[in-house]
Amino acid sequence: MSVRVGKTAAAPSFPVAAKAALKNSQLRHNVHHATDVIRDKRALRVEEMPDWQALRGAAAAIKAHTLRHLDRYLVEFERNCTRAGGQVHWARDADEANAIAIRLIRGYSGEGPAEVIKVKTMTSDEVQMNAALEAAGITPYETDLADMIVQMGDDEPSHIVVPALHKNRREVRDLFREKMGRPELSDNPEDLTHAARTYLRDRFLNVRIGIGGANFAVAETGAVCVVESEGNGRMCVTLPEVLITLVGIEKVVPRFADLEVFLQLLPRSATGERMNPYNSLWTGVQAGDGPRIFHVILLDNGRTKMMADAMERETLQCIRCGACLNACPVYRETGGHAYGSIYSGPIGAILSPQLQGLEHSRSLPYASTLCGACYEVCPVKINIPEILIHLRGREVREDQRSLRALTSENLAMQAAALAFTSQRRYEAAQRLARMGQRLFQRGDELVKLPGMAGGWTKYRDLRAIPAQSFRDWWKQRGATPPTTTTTTTNTTGSEDA
Amino acid sequence: MPRRYCICRPTACRPTIKRSPALRIALFVACYNDTLFPATGIAVTRVLERLGHRVDFPLQQTCCGQMHYNTGYHREAVPLVRRFVEQFAEAEAVCVPSASCVAMMREHYAMIAEAEQDAALAAQVHALLPRVFEFSELLANRLGVEDCGAAFAHSVTYHPSCHSLRMLHVGEAPVKLLRAVRGLTLLELPEKEQCCGFGGTFAVKNADVSAAMLEAKDTCVLRTGAEVVTALDNSCLMQIYGGLHRAGSAIRTMHLAEILACAAAPAEALR
Amino acid sequence: MSEQTPAQPSARDEILARIRTALGAGLPAELTSQKPTPEAAYRRTGQLNRVAVLDLFVDRLKDYDAEVLQVGDERGLAGALGDALNGARELCAVVAEGFPEAWLPMGFEFLRDGGLSGLLSIAALDSAQAVVTTCAVAIASTGTIVLVHGGTQGRRAATLLPDHHICLVRRGQVLELVPEALERLKADDPAPITTISGPSATSDIEMTRIRGVHGPRRLTVVLYGPAELEPVS
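Chains as they are written, first to last, in the working numbering: chain W, 1 to 497; chain V, 1 to 271; chain L, 1 to 233.
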């Protein structure tokens with residue numbers, strides 16, 4: 001099975017990629033600004049909602065229930081979609097999904113060069129559909145403004161909802177000037193957006209095949225729902241003759257009524273709006289309105305691997321709102337590219353390793369301080385910090401069964417475990433540390449610590465271990481403490497004169 | 001250079017401390033406080049004794065297991081859970097001056113017992129945890145105290161650590177305790193809910209990002225103009241100090257307990 | 001559906017088998033009639049009176065850059081439509097087959113889409129300056145109009161290509177909350193649905209919200225009729 005999550009398998013580790021990203025001050029400035037803006041907008045919109053927590057609870061319950069019965073809801077969706085004139089296909093992995101799409105396109109357009117218009121779907125990035133289409137002589141045109149910017153720049157998306165957030169207006173202007181042949185373009189966002197509108201209009205009106213994704217697939221009715229802002233989604237799902245929708249199997253919801261929960265949570269979480277400009281909901285094929293041929297490709301690509309363990313399954317509740325990215329203090333400093341996957345930020349740190357397999361993306365579960373800001377904002381209550389710890393546990397267990405058991409980290413952890421399981425060893429370790437630090441002590445500070453600890457002293461000062469530990473003090477003052485406190489003793493921080 | 005100690009004279013006025021019935025409070029000081037920040041444990045002892053309670057310190061205590069557990073060494077944490085639960089089983093109340101340790105216990109101890117399929121351990125955990133308190137929780141919720149009779153005439157800014165904020169939900173308790181300190185000027189920390197970047201082993205495994213997050217935090221601290229930064233966790237304070245001191249700042253870091261332990265004429269409190 | 005050779009399971013079979021194995025299920029369970037959604041603790045009924053609901057609707061529409069015109073009843077519609085088209089200096093608008101003649105003002109060209117007139121071509125829709133539709137329901141708290149396409153609500157392409165969408169909304173169709181509005185739509189109606197909340201927008205460039213990307217750049221809502229909530233049809 002060739003499960004692929006974009007270029008995750010070949011990406012450098014997070015600490016390496018992050019270090020490079022940190023040097024890019026333009027990127028960091030853009031990311032700070034963008035995440036601050038959306039975070040503040042989201043906070044405003046959430047404050048308005050007295051039943052926000054109840055909505056989150058309902059959404060989490062619906063998703064958890066659906067995943068526990070995913071097989072029957074997928075079958076129900078397939079039946080209802082088919083009955084309404086849609087055609088449902090199943091793809092085990094990235095290659096199969098792409099092969100199905102190519103076969104469907106060829107079946108319609110014959111063997112010559114073909115074109116398709118695409119509306120934003122991270123799932124197609126996940127399977128690297130554009131590359132597969134191009135290799136088969138089919139040209140895909142991205143129509144989401146940000147995806148278009150990314151495609152033109154031969155770049156990678158850096159955020160789930162605003163994929164070009166790492167680009168500022170001047171960078172976009174330069175791209176458009178070159179790729180659209182518009183040397184006179186200014187960097188005013190209104191002008192840039194208008195240029196995109198004109199550029200894409202012709203494509204929307206003339207390209208016969210559209211490819212998109214779905215935010216939700218309703219089992220009860222066989223309907224598919226696309227949530228968007230720009231209108232290119234409406235264009236792509238309405239105007240072409242043939243529509244192919246690629247959707248991860250976890251996007252199913254049981255009933256039409258369930259949308260009342262998600263359509264309140266998603267826009268406020270994703271873009272800080274009460275409602276996004278357009279939601280499109282359609283079932284199969286409708287005579288005289290929209291595509292006359294409609295295909296759905298249901299995608300596995302590693303999702304079923306995550307179904308057995310309850311904590312891993314919780315990851316699949318994600319509705320791709322991106323709120324966790326905007327809340328994450330780590331993402332705020334590095335941006336999305338550092339995660340080496342189209343799914344970046346906190347959700348990326350748990351989803352990419354699980355889809356792709358832990359042997360790739362090993363560093364991602366550690367790309368977090370476990371601060372919990374993501375969990376606080378997740379509309380479907382995915383306990384991301386808990387899942388990160390779970391994945392770290394899996395990695396360590398795997399490492400310990402291999403030669404990686406000999407790393408300095410594991411040996412240090414084993415030594416610490418030994419020390420912590422006996423008072424005698426613990427106190428000996430304290431004494432040892434106090435003695436050993438002399439090698440690195442300058443006055444009251446420790447400098448240039450070796451090995452991994454050097455990561456600390458590279459950026460931060462560190463006070464030396466005090467001569468007297470707390471338990472030394474406790475032992476010294478005797479078993480019975482004074483009953484009156486006429487004097488109290490305090491130690492202050494440092495000794496700076 | 002020898003540490004300088006501040007000898008605080010008793011206050012002239014009677015401190016208005018609300019007395020709750022005297023308790024025997026077992027102190028779980030936390031391994032890193034024991035070794036690196038003994039002043040915090042000392043301060044906790046002073047404050048609790050001043051309030052009329054008795055403090056015990058079971059010497060066999062070592063570590064709550066968080067460092068191992070959070071880094072993925074789950075098996076290694078199990079004996080540490082057992083030790084804690086056994087050593088503190090009989091305590092009337094347990095005081096832990098480390099929000100991250102209490103979070104570890106509340107979030108994971110029951111899960112660990114379940115994963116071990118050890119019903120007895122799980123029962124012990126469930127019986128003990130309601131009696132375990134982070135330091136500010138103990139004062140506010142268990143002892144019913146807001147005014148500890150403290151005096152500290154300096155400007156202070158409070159950094160809410162992620163564990164205390166999002167996992168323990170300590171809420172306003174630390175701020176109320178600080179507001180009751182005579183002479184203390186409390187200055188609001190901008191963007192206070194942003195993580196300082198410590199994150200346990202994250203600080204060294206992702207040192208570059210940790211430092212970048214710290215820079216953002218320290219910039220906010222400096223903007224307050226405060227003389228002192230305080231928090232419920234010395235791990236955060238170690239991180240914040242590390243960056244401030246490297247940048248040449250003279251801002252002090254003090255655990256909340258150390259501020260509350262000051263019951264003196266303000267001028268001598270901080271030399 | 002996917003091809004299946006005797007020796008190899010289809011992708012469908014494999015995926016379903018993986019799910020069932022993972023969940024510990026044996027044979028596929030029968031779908032029960034049990035409601036999967038837990039008892040709703042979130043708001044499903046609004047608290048505001050009708051005046052407040054309508055004020056909120058107008059306020060939210062304006063917040064998202066839609067233009068709002070208000071008339072008493074059907075007799076004011078032609079005038080309001082004329083104003084909306086004049087205001088944008090538009091001369092030509094698309095209306096669905098069956099759109100009441102009495103609502104259409106004089107002095108403009110109205111292209112009929114569908115029915116005996118036949119469907120307008122994509123090019124014709126693109127060159128039309130405006131489109132006029134009715135709607136199925138509207139949501140006050142979010143400033144949203146919901147079209148269930150067909151009839152006077154028009155087909156999807158018709159409400160998408162012209163640059164100005166004028167939507168006639170009866171006051172009795174406006175609900176306060178999202179669940180209240182969706183409840184009024186028939187789940188088993190196969191007609192496509194579009195929810196519209198203001199003109200299209202993007203914030204992709206430096207988080208600056210730019211109005212009007214690909215969909216209609218102007219949205220006008222004409223409110224008419226009595227304020228009382230209409231019964232569910």
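No lab work stands behind these hints: they were computed from the structure.
Hints may contain errors.
Calculated pairs, DSS-like style, for lysine-lysine (alpha carbon to alpha carbon, straight line, at most 30 Å) [what the hints assert, rightly or not]: (1) W/K448 to W/K458; (2) W/K19 to V/K176; (3) W/K448 to V/K176; (4) V/K192 to W/K23; (5) W/K475 to W/K458; (6) W/K23 to W/K305; (7) W/K41 to V/K192; (8) W/K381 to V/K192; (9) W/K19 to V/K205; (10) L/K62 to W/K41; (11) W/K23 to V/K176; (12) W/K23 to W/K179; (13) W/K458 to V/K192; (14) W/K305 to V/K192; (15) L/K186 to L/K62; (16) V/K205 to W/K23; (17) W/K19 to W/K458; (18) V/K176 to W/K458; (19) W/K381 to W/K23.
As the structure is a computational prediction, the values presented were derived from the model and not from experiment.
Quick rundown of the hints versus the structure:
| no. | hint | in the structure |
| --- | --- | --- |
| 1 | W/K448 to W/K458 | 7 Å, holds |
| 2 | W/K19 to V/K176 | 40 Å, violated |
| 3 | W/K448 to V/K176 | 40 Å, violated |
| 4 | V/K192 to W/K23 | 25 Å, holds |
| 5 | W/K475 to W/K458 | 36 Å, violated |
| 6 | W/K23 to W/K305 | 37 Å, violated |
| 7 | W/K41 to V/K192 | 18 Å, holds |
| 8 | W/K381 to V/K192 | 23 Å, holds |
| 9 | W/K19 to V/K205 | 12 Å, holds |
| 10 | L/K62 to W/K41 | 18 Å, holds |
| 11 | W/K23 to V/K176 | 41 Å, violated |
| 12 | W/K23 to W/K179 | 28 Å, holds |
| 13 | W/K458 to V/K192 | 25 Å, holds |
| 14 | W/K305 to V/K192 | 39 Å, violated |
| 15 | L/K186 to L/K62 | 29 Å, holds |
| 16 | V/K205 to W/K23 | 18 Å, holds |
| 17 | W/K19 to W/K458 | 14 Å, holds |
| 18 | V/K176 to W/K458 | 37 Å, violated |
| 19 | W/K381 to W/K23 | 34 Å, violated |
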